[in-house]
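Chemist: The chain contents come next:
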Amino acid sequence: MALPKYTEPHYRIWHYFYLFICGCVFFFLIAPLFVIFPLSFNAEEFLVFTDGMKRLDPDAFSTRWYKDMVYGTKNPWGLAAKNSFIIAIFATIGSIILGTLAALGLSSRHMPYKGLIMATLISPMIVPLIISGVAIFFFMAKVGLAATHLGIILAHIILGTPFVVITVTATLSGFDHSITRAASSLGSNPFNTFMKITLPLILPGVISGGLFAFVTSFDEVVVVLFLAGLDNTTIPVQMWTGLREQLSPTILAVATCLIVLSILILLTAELLRRRSERLRGINR
Amino acid sequence: MSSETQKILSTDGIPLEESLKQAEKKNKIKAFLLVTPLLLFLIITYIIPIADMFSRSIDDKMVTNMLPKTYKAMEQWDGKELPPEEVFEAFYLDYKILVENKTAGRLQTQLNYEKNGFKSVLKKLARKQKKFEEGNYKEQIMKVHKRWRNVDYWRAIKRRAPAYTYSKYLKGVDMYSNEEGKIVQVSEDRRIHRILWSRTLEVAFFVTLFCFLMAYPIAHLLATLPMKYSNLLMICVLLPFWTSLLVRTASWMILLQQQGLVNDFFVWIGLVGDDNRPEMMYNKTGTYVAMTQILLPFMVLPLYSVMKTISPSLMRAGKSLGATPGVAFFKIYFPLTIPGIGAGCLLVFILAIGYYITPALVGGASGTLISNQIAYHMKSTLDWSFASAMGLMLLTGVLVIYWIYNKLVGVDNIKLG
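Sequences listed follow chains A and B, in order. So the first sequence is numbered by our numbering: it starts at 11 and just counts up by one. So the second sequence is numbered by our numbering: it starts at 764 and just counts up by one.
Everything labelled a hint here was simulated from the structure, so no lab data went into it. Check the hints yourself; a few may be wrong.
[Said to hold, decoys possible] Computed cross-link-like contacts, DSBU-like style, restricted to lysine-lysine with a CA-CA straight-line distance of at most 30 Å:
id	chain 1	residue 1	chain 2	residue 2
1	A	152	B	788
2	B	832	B	859
3	A	124	B	793
[What the hints assert, rightly or not] One-sided excerpt, in silico: chain B residues whose CB lies under 10 Å from chain A:
id	residue
4	794
5	950
6	953
7	955
8	956
9	983
10	1012
11	1018
12	1024
13	1027
14	1059
15	1120
Beta carbons: idealized from backbone N, C-alpha and C, even for Gly.
Model the full structure from these sequences, guided by the hints.
Modeler: Here is the structure:
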């Protein structure tokens, strides 16, 4: 932003100092992510920039860690990726269904005990993960679902629903209820009204809540560490194990893939947010 | 309501007021039914298990269940002198079953907590009692080891009788109840939990402070820049927000290692010598740096959403009335952002106080927090009741903060992205 011409010199200096500080903070936020990218193409086994890499010598770069990630015998990344996607997809579907229904109920002005119920529904987001992990582990062990996919999916539904509840409730806050009444008065049954009128309008909120639930499940490690057996290891658990034992470049290759995935998710979320704002008539 | 309105009837002849009430009731039930599936699901799989942690944390039935006959016989014993023959007999019978089932080891450990040296006495009894003859067990047991004549050991057994205990909570703050039943502190070199609690609070406080100091300027910049630039910069905030926690922790592990880029940079600008690179990981520095970067977006987003609503003309008005930019900022802009500051700080503080993954990976021994201790007891020592007690103590703290948050900001105002 340009300063007006009449700005006094000391204020001008202060302004550039402020911009410099902002630049540093942005650098601090974003730069660490980009260290991983070049190092994952390292030809050596070390996690430092070799002299060859600093000279941009093509021989110092290789894709061997990506090959190791896909074909490596010792690295169960394939199984972990499969498990992660299965768990995250089912957890997302579960969270979306339960969360959207609850949000529809909560947004009704007839809802009794709204504050108390909202606090209960959001509690998994507030309670520290380690405590959620302990409590969910005790429950799953009691009902015999520890070390099963179903157990982990249910656990991730618990952690994912608050996001769906929050985003859908936010979308519904600008919702014009007279259009559903109009549909009913024109003879549409409630289910039809929901599918044809309400759902298309709240869809951006539902999808962005679903994205949150997906990322929460895909990235979750604390609860899975308590619940998972050998067969249900996920990508974050594998990374956790790898980081604790030895930081290998293969982990960086996986991390690079995850960053690419998060860029895709970010773009989707941004598009949805803008679409939702346009639909709600908020122009910022 | 006046009598005139009460007379108004709806088409089917019911007074309008009643008809409205019925409709209202129907809507209430409808709304509640929509919430029910999730509410029930959460109560069964989440709320009840958390409540269950409480009963687990005070549960002390292990010894009681192992020595049922002994405790029944001990009911009559006043604990002043050596117990009568019945107690000795009951204890012999209980202990015989434990030795046969090969579970005597657990009793030995538990009673040794209560009275040092109990383990060896019990082990000796396990060996000798196979040759016991029927009758007069008091004499026979006392012959095995002279400590059985010491009434303190029998008192120790009796002290374990109650099926419920708050000793795990005392242990969580480095206290215990001694032989006379008084609550005392453990010796100074063993007070590890208090160090962990204070360190957790300290780390959470400073991470919140650093996040605030860094987030405030950039949130301000994002809120005041024209849309096309701020959208681009917003990605810098949102990309880390969406990126896996482990990926971000891994990148800090690479940056902060001794041969890492940060150390390279310090050497390059001549801050430290090449042979004298400081250790920045596996201590508190690593925890601070990594946690601040990871939690920063949670501070920026609430601040941004509040700053976005502040009209720039307010500052201009202040300046046109003669305020210097500094005065205008502190008298006008800053007070208006306080809701955002409250939201961001409490969000970051709550998240930081229960942090587990990052401290475990970059924290080392001096950077671990209370959640690491909970996980340690869950996975390594298997002292689940202690882990539950510590978890509930942490949860109480978080709920108090959450309650304040709710009073100040309201849960409904949490904004995501």
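Chemist: Output the indices of the hints that this structure fails to meet, ascending.
Modeler: 1, 5, 6, 7, 8
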